[in-house]
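Number of protein chains: 2
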Amino acid sequence: MNIALKITYDGKNFCGWQKQPSKRSVQEEIEKAIFLAFNKTVNLEGSGRTDSGVHAMGQVANFEIDENLSTATLPRAINYYLPEDIKVIEAKEVSSDFNARFSAKEKTYIYKFYASRFELPLKQGRELRVNDYVDVSLMQKALKYIIGEKDFRSFCAKKSGKTNFVRKIISAKINVVSDFEYELEITGNGFLYNMVRIIMGTLLMVGYSKWKIDDIKAIIDAKDRTKAGKTMPAYALYLKEVKYN
Amino acid sequence: MNIALKITYDGKNFCGWQKQPSKRSVQEEIEKAIFLAFNKTVNLEGSGRTDSGVHAMGQVANFEIDENLSTATLPRAINYYLPEDIKVIEAKEVSSDFNARFSAKEKTYIYKFYASRFELPLKQGRELRVNDYVDVSLMQKALKYIIGEKDFRSFCAKKSGKTNFVRKIISAKINVVSDFEYELEITGNGFLYNMVRIIMGTLLMVGYSKWKIDDIKAIIDAKDRTKAGKTMPAYALYLKEVKYN
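As they're listed, the protein sequences go chains A and B. End of the first sequence sits at 244 in numbering that gives the first Met the number 0; the numbers just go up one at a time, nothing left out. End of the second sequence sits at 244 in numbering that gives the first Met the number 0; the numbers just go up one at a time, nothing left out.
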């Protein structure tokens, strides 16, 4: 049977989603737990590779197994062998052609930040501090240029081996959580390497009034990574949700 | 001069606010930092003692010092010597009769919880997991009995040395953060030892339909700690704000 899992993890102590020799990855931890629970070696395919330090509330992954398992008790069985920083929260039987990576239609990422003169201990390692003179309404306005189907090469880390840089951003907004706490929420059909973190760094330049709102259009048009802002840290980025048909 | 500080901390690695021999307290860490910054030994009076593990977004404390300090640069000067889990976010000169404890008019606490079959790694040590069959609307309704000036002996830990158990609860509500995340927010003129954590444990019994809404009235009237619910863990409790005239 083909099984899809919904997974949440604290990315802090992982090299990322993908298996790497002698590093601690989310993929390998879950494959090990499945082996311990069912004595079967499986290949777990994630919807995408989250980078080192990136968190997930709703990562999706699938694996095939030649055994009939109850999806109702599956999360508990796997969680028993998982470390505390990963948890399977749902399991579903899916059709044999379902592939968590290639069947994904939309992904939503969240980037959490707060405006404060000081680093706040309760937000450490979870949200990015930005300077308190940031103007979030300017960032909000600049998002209009991010939405749509475009070549986003300017927002792709150089070391990516990709050749197709066209992605469709379906929605992009900044949620106001309180008078100093915010979340950039972006949904797209896919994302380039470091894309959300570079968008965040670019928007911040607008928020700090170093760049104008319309500069964002020029940055995208340039198709040049060096024109965009810095790559913001991984610890404030969350894969919130992956949608399938 | 008499100086009031607004302080935030992650309570995880502290024995609580108050100094205790050979333990790590918030009070002592800040007194040490003030000594290192200004070479003066001060006595820091907090608005109240938060227990071991309890966090603060807006604790208030004051100290007297025979020196003229700039309150604008004071937070940065003290923060320089503070560990990462405490931060002074504001400093103000106050009148000589101001005392963070005795001048306090209102305090607001937040207790964070979420309903889920599984512990979520991203909430670990910060929010309480409750079972997903909890009915939060019942808890919300039970709060009407908590509001008002009452003898709250039933919600006071036995080892408290207090003799006056009358406190005024000004407001009590449950904020719905998302479809599974909640915050109990309580404002009062003062709180008994473990009071919010016991109220949380009592409300949960209503949420789980083990007790009825009206049972809360009987529990308060009984003036008996053994009639109320369990003391819920400290790690999900936050001192949000202290108000003064």
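Errors might be hidden in some of the hints.
Chain copies aren't distinguished; within one or between two, either way the pair holds.
Here are the computed lysine to aspartate or glutamate pairs in the DMTMM-like style, where the Cα-Cα straight-line distance is at most 20 Å [stated by the list, open to error]: (1) Lys122 - Glu89; (2) Lys5 - Glu118; (3) Lys143 - Glu105; (4) Lys143 - Asp50; (5) Lys149 - Glu105.
Calculated directly from the structure, the hints in this document are not laboratory data.
Verification of the hints:
For the homomeric pair Lys122 and Glu89, the shortest alpha-carbon distance between copies (17 Å) is at most 20 Å, but the shortest distance inside one copy (28 Å) is not. In this assembly of identical chains, the alpha carbons of Lys5 and Glu118 lie at most 20 Å apart only when taken from different copies (14 Å versus 32 Å within one copy). For the homomeric pair Lys143 and Glu105, the shortest alpha-carbon distance inside one copy (19 Å) is at most 20 Å, but the shortest distance between copies (43 Å) is not. Neither within a single protomer nor between protomers do Lys143 and Asp50 lie at most 20 Å apart by alpha-carbon distance, with minima of 26 Å and 47 Å respectively.
Proximity of Lys149 to Glu105 under the C-alpha cut-off of 20 Å is restricted to the intra-copy arrangement: shortest distance 16 Å within a copy versus 53 Å between copies.
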